[in-house]
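As given, the protein sequences belong to chains A and B, one line each in that order.
The opening residue of the first sequence carries number 0 in numbering that gives the first Met the number 0; numbering runs sequentially from there.
The opening residue of the second sequence carries number 0 in numbering that gives the first Met the number 0; numbering runs sequentially from there.
Where hints are given, some of them may not hold.
Any copy, or any two copies together, can satisfy a pair, since identical chains are not distinguished.
To be verified - With a straight-line Cα cutoff of 27 Å, these simulated DSS-like cross-link-like pairs (lysine-lysine) come out:
hint: 1; residue 1: K128; residue 2: K113
hint: 2; residue 1: K102; residue 2: K173
hint: 3; residue 1: K59; residue 2: K308
hint: 4; residue 1: K111; residue 2: K228
hint: 5; residue 1: K111; residue 2: K4
hint: 6; residue 1: K69; residue 2: K102
hint: 7; residue 1: K111; residue 2: K223
These are calculated hints, taken from the structure and not from any lab test.
2 protein chains.
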Amino acid sequence: MSTIKDVAAAANVSVATVSRVLNNNGYVNEDTRKRVVQAISKLNYIPNEVARSLFSKQSKTIALIVPDIKNPFFPEVARAIEDLMSSQEYTLILCNSDEKIEKEIMYLNAMKQKYVDGIIIVTSTLTPKHIEKSDIPIVALDRTISMDIPSVSVDNFEGGRQAVQYLKSIGCKKIAHIRGPHTIINADERFKGYIDEVKNESWFSDDLVVNGNHQVLETTKVTKELLMKHSDIDGIFAGNDYMAVGVLKAAEQLGIRIPEDLSVIGFDGIQLCQLTSPELTTMAQPIYELGYRAAELLLEMIEGKPISKLHYQFQVKLMNGQSTKVLGVTNDEK
Amino acid sequence: MSTIKDVAAAANVSVATVSRVLNNNGYVNEDTRKRVVQAISKLNYIPNEVARSLFSKQSKTIALIVPDIKNPFFPEVARAIEDLMSSQEYTLILCNSDEKIEKEIMYLNAMKQKYVDGIIIVTSTLTPKHIEKSDIPIVALDRTISMDIPSVSVDNFEGGRQAVQYLKSIGCKKIAHIRGPHTIINADERFKGYIDEVKNESWFSDDLVVNGNHQVLETTKVTKELLMKHSDIDGIFAGNDYMAVGVLKAAEQLGIRIPEDLSVIGFDGIQLCQLTSPELTTMAQPIYELGYRAAELLLEMIEGKPISKLHYQFQVKLMNGQSTKVLGVTNDEK
């Protein structure tokens, strides 16, 4: 590869002059300037990473668009992606969309302008039409967008079913569900998994489902109302770990013992589960693996390798904490 | 500003030809190529963001180097920085250094190669010598590096003192400290604040300080040992909120009631404090403001504005939870 010295020699000028032309600062005689530009062109001189982006349309940069990096699910995902990317000399741009479609579109356009090589996006609002306009490789993470857009996620429906099956298996007789926002597909899938398991139960009624909106305070409030109305609820499946914490708080405020009187199971498996008292039982996602696989898939696409599989769906796994009863142990033995 | 059409007209070729020259793909006759390059040069045509970086040495990109985005302090900081930067049409590159100097240096070099406009770094290991080599604006966040390098942080020494003063004010008679790693300057400052407040107390002895290494499990272990050795400890200042959670767990395992028997105060004010049971009393940093101010300071430096103040030091603020006694309420009234 040519160096700046080769360019200087070919144009018969000093290295400093080449530098002035490249950086567009300082006075350079117009003829000299032309000679330098021609030498650069003839030698295919690439001064740095940025110039490499210009000529190759590759920037060795990818972007991650998440709703909010403060949501503790996403830092772990971001870490996995950055781990793989930095080992391949890629850098990671971080974008927070707040689940707003206008921000997502703004970021997609901005990233294209910056010639990022690929994008990993967590979105509930973008449609394939928005994505197709972009000719950059894109992987949907956590939430699928369409059959045509590669994705990495977990089986939320099955995870929801398994959460309820587990509560039944430890003897729960009336199981409620705290669901997440209607706008988020994963929250809907988990809700559907719950419904599938309880719809034929004699005790089931629609008002056993309340919306905690993925918020702790909101969940504490609606769970207290729920438990005061249905004092015989002995199991709650919360649609994510945050809301499960809200359930713990509601129970504490009402003097309901966990797990003796009420078993609680969350979903996600964020680090928080080990920090609460009691520690949370949850349906854990392989969060780091999700991020890592999304990054691997994106790299394959960037490198133009054949993609054998468009959609990766991981299974969630029961992670036993202290918020669910132990089978065979009566309430007061525990 | 010139467009690709202006270039095509000036060189008397089609837009497609200009594009082929720019992207260095497809056949272009050598004379034509020269005409295009000369037209680009003459018109100062800037094809896109990447080319703009090449000519202006500005990429409208900044980098944030943190130890680990999974540490819940940093997502909030990253969010604040990205909020300001995206409003100014800058993008944010995220790097995880794991507190390793070789990774920090690798990232500094990589970011320079990518012509980032500035860097915000959280580091305990880099020295001014490493930074001076780089001619990119740099702001030290959370931990200062030297008098010459602009920084945004909190007064950890004073925060440590205030934590102990508060425990004294609510009647604690023997106060221990769980400190963080010796390699992290903030952990040291908080420890020194503790020492300053207790060194002249009759009850003080060196073995009231143990190292929790910023880990929950480690803290649970060393705190249990500490409390078994000194059963009269009635106040603990933990060097961060994570370690305060470890103290809660240790107390729970030993059957020690919080706050009736033991008052616990953390440091940082991460979201976790509101999610534990009991909720944590802590010396809260203005985390979002720290990130935002660091971003503002970096932008001022990038834009070449006069910097009126090199070092911003915020004060921490007591955030009352349920893990400390309430003055005037006896143990069993509460």
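Do the hints match the structure? See the list:
In this assembly of identical chains, the alpha carbons of K128 and K113 lie at most 27 Å apart only when taken from the same copy (21 Å versus 32 Å across copies). For a Cα distance limit of 27 Å, the shortest separation of K102 from K173 qualifies neither inside one copy, at 42 Å, nor across copies, at 53 Å. Taking the shortest Cα distances, K59 and K308 sit within 27 Å of each other inside one copy (24 Å), while across copies they are farther apart (36 Å). In this assembly of identical chains, K111 and K228 lie within 27 Å of each other by CA distance neither inside one copy nor across copies; the values are 53 Å within and 61 Å between.
Taking the shortest alpha-carbon separations for K111 and K4, only the inter-copy value of 21 Å comes in at or below 27 Å, while the best intra-copy value is 33 Å. With identical chains, the CA atoms of K69 and K102 are at most 27 Å apart both within one copy (17 Å) and between copies (24 Å). Taking CA atoms no more than 27 Å apart as the test, K111 paired with K223 passes in neither setting, with 48 Å inside one copy and 54 Å between copies.
The structure shown violates the earlier hints numbered 2, 4 and 7.
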